[in-house]
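All chains should be modelled from the sequences, with the hints used to inform the complete structure.
In the order they appear, the protein sequences are chains A and B.
Read in order, the letters of the first sequence are residues 1 to 199 in this note's numbering.
Read in order, the letters of the second sequence are residues 1 to 199 in this note's numbering.
What the hints contain is simulated information worked out from the structure, not anything from laboratory work.
A portion of the hints provided could be inaccurate.
For identical chains, the list gives no copy identity; a pair is met inside one copy or between any two copies.
For lysine-lysine, the following BS3-like pairs were computed, each having C-alpha atoms within a straight-line distance of at most 25 angstroms [stated by the list, open to error]:
no., residue 1, residue 2
1, Lys97, Lys17
2, Lys6, Lys54
3, Lys24, Lys13
4, Lys24, Lys97
5, Lys13, Lys97
6, Lys17, Lys54
7, Lys54, Lys24
8, Lys97, Lys6
9, Lys97, Lys54
10, Lys13, Lys52
11, Lys24, Lys6
12, Lys17, Lys52
13, Lys130, Lys167
2 protein chains.
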Amino acid sequence: MNYYPKSITSLIKNISKLPGIGEKTAERLALHMLRAPRQEAQQLAESILDVKDKIRFCSRCFGLSDGDLCRICSDPGRNPRLVCVVEQPADMVALEKSGAFAGMYHILQGVLSPMDGVGPDQLRIRELEKRIQDEAIQEIVLATGTHVEGESTASYLGERLQRFSVKVTRIASGVPIGGDLKFVDQVTLKRAMETRHAL
Amino acid sequence: MNYYPKSITSLIKNISKLPGIGEKTAERLALHMLRAPRQEAQQLAESILDVKDKIRFCSRCFGLSDGDLCRICSDPGRNPRLVCVVEQPADMVALEKSGAFAGMYHILQGVLSPMDGVGPDQLRIRELEKRIQDEAIQEIVLATGTHVEGESTASYLGERLQRFSVKVTRIASGVPIGGDLKFVDQVTLKRAMETRHAL
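Structure (structure tokens):
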């Protein structure tokens, strides 16, 4: 890898540390940056540092924020009685893009995973309980993933939140829209059949 | 795209300006940088700027360099009488990786492409002719690509360099090694058949 001058080699090395970026792609991107206008490269470099400097966790929902409260938590137009619990900020963004939810969020910052040493105390569960008490929340929608850890986190939360007078729901799982039944896995089909509903 | 705080949104925007990086990948990379140690993000940002500040063209071969002469042009162990002409620095690196060439290079910085306004004067052809005169070069290997522009640039150079007493050769084209004949396109097969050689 010392076919290029030293500064290009080290840029390639740093780019290929990014997830999902192989050496070939890193090389291509480094050569692009070399050719790109200086302003474009500078904007990219600055925005990388900016993110590290400015982003912190929202003090209410623990999503990403550049202030004390995130954009959603400080939006008076949203329903503060309805809170959707997700694993990570990206899950919140996916739901926002769907436009299907107008309540607030609570980001757990992970899922229960005893193998990785993540128990209830490593997630933002106590903070969720405090919000249920303080904010007069009426419904908690559990929107953790449908993988094993997501499911067990949801059922753990379902039980743990029983002691509060709050309605706890789980997002539906089943055949994805636009999906052909023959391409859907058996577990999903079984779930879709079990949770079938009247038309 | 204003689901994330402003500094993340602008990082995503800047990343997705890179070639071959879509919005989803840019989002994934931005969130990775957010989680990555500050030092890693800083190294990446600095190496982007470093490349813009330090890299210039080698004054002899017009490849990338961080000094006046590039690593290859200043290597006394290479054959200075043999010069390989390529389109871009990345082509030179590909040849270097193959380990098949121990001469010098000359980077044209493009190919003839009248449609894009690239004529002989936009390439480093005069500089190549000057090198042929000054450096007592014995052989010029034309290693531009085998696409239409690469081929026509090679044949243009082949004619133009006839007035010098230098041997001009062209890299071979044909069936790639490890290739199955049935997957090779007709033009390549035709060329491979035409340029067949005795064993």
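Comparing the hints with the structure gives:
no.: 1; hint: Lys97 - Lys17; verdict: between (29 angstroms within a copy, 21 angstroms between copies)
no.: 2; hint: Lys6 - Lys54; verdict: between (31 angstroms within a copy, 10 angstroms between copies)
no.: 3; hint: Lys24 - Lys13; verdict: both (11 angstroms within a copy, 22 angstroms between copies)
no.: 4; hint: Lys24 - Lys97; verdict: between (32 angstroms within a copy, 13 angstroms between copies)
no.: 5; hint: Lys13 - Lys97; verdict: between (34 angstroms within a copy, 17 angstroms between copies)
no.: 6; hint: Lys17 - Lys54; verdict: both (23 angstroms within a copy, 22 angstroms between copies)
no.: 7; hint: Lys54 - Lys24; verdict: between (32 angstroms within a copy, 22 angstroms between copies)
no.: 8; hint: Lys97 - Lys6; verdict: between (42 angstroms within a copy, 16 angstroms between copies)
no.: 9; hint: Lys97 - Lys54; verdict: within (23 angstroms within a copy, 42 angstroms between copies)
no.: 10; hint: Lys13 - Lys52; verdict: both (20 angstroms within a copy, 16 angstroms between copies)
no.: 11; hint: Lys24 - Lys6; verdict: within (17 angstroms within a copy, 31 angstroms between copies)
no.: 12; hint: Lys17 - Lys52; verdict: both (17 angstroms within a copy, 20 angstroms between copies)
no.: 13; hint: Lys130 - Lys167; verdict: within (16 angstroms within a copy, 82 angstroms between copies)
When each numbered hint is compared with the structure, no violation occurs for any of them.
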